[in-house]
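Student: Please work from the sequences and hints to get the whole structure.
Each step along the sequence shown adds one to the number in the UniProt record's numbering, with nothing skipped, and position 81 is 81.
A portion of the hints provided could be inaccurate.
To be verified - Beta-carbon label-pair distances, calculated as ranges:
no.	residue 1	residue 2	range
1	P47	P109	29 to 35 Å
2	R113	S51	28 to 34 Å
3	A46	V131	44 to 50 Å
4	F23	P47	15 to 21 Å
By construction, these hints were calculated from the structure, which means they are not laboratory data. By construction, the Cβ of each residue, glycine as well, lies at the ideal position given by its N, Cα and C atoms.
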Amino acid sequence: MAVTEQTCSIARSLEVLGERWTFLILREALSGTSRFADFRSALGVAPDILSDRLATLVDAGVLEKRPYREPGARARDSYHLTEAGHELKVVLGALQQWGDQHRPYEPGPTVVRRSADGRPLHVAFVDEEGVEVPLDEVRFRRTSTYPA
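Tutor: Quick look at the structure:
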């Protein structure tokens, strides 16, 4: 992957994540999908688009390839989330939470966020002391390193 000149972290992130299929691939990976054919089957995505998105995620360090071989078949690669990929769970959770609230599916959510012991979860800003900060108190401020 080419070195980027973007100063904005949102713009740099979108260079990797800015395609619709990318988020859907990540959704499937977070659910345990790792094989090309399984991604394709679950998403109905064209193979060339899937190949391109997987390559972008591998190049960016979000997924890693691992070889596998079915008995009697040629070696293939499976795709597994890296630590950076697992950290995107909060991004997908925030998108899901927003969609559930502002673009709801009539019959209700198809997936819910729960802790390992089953408690309902929501995505929030939390300060360094672990206290949730209400959205109307969150500010995005430019730093002194932001170019003029």
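Student: Each hint: holds or not?
Tutor: Here is how each hint holds up against the structure:
Between P47 and P109 the Cβ separation comes to about 30 Å, which falls inside the hinted range of 29 to 35 Å. Here the CB-CB span from R113 to S51 is close to 30 Å, well matched to the stated 28 to 34 Å. Taking 44 to 50 Å as the suggested C-beta distance range, the pair A46 and V131 conforms, at roughly 46 Å. Range check, F23 to P47: about 19 Å between beta-carbon atoms, so the 15 to 21 Å window is met.
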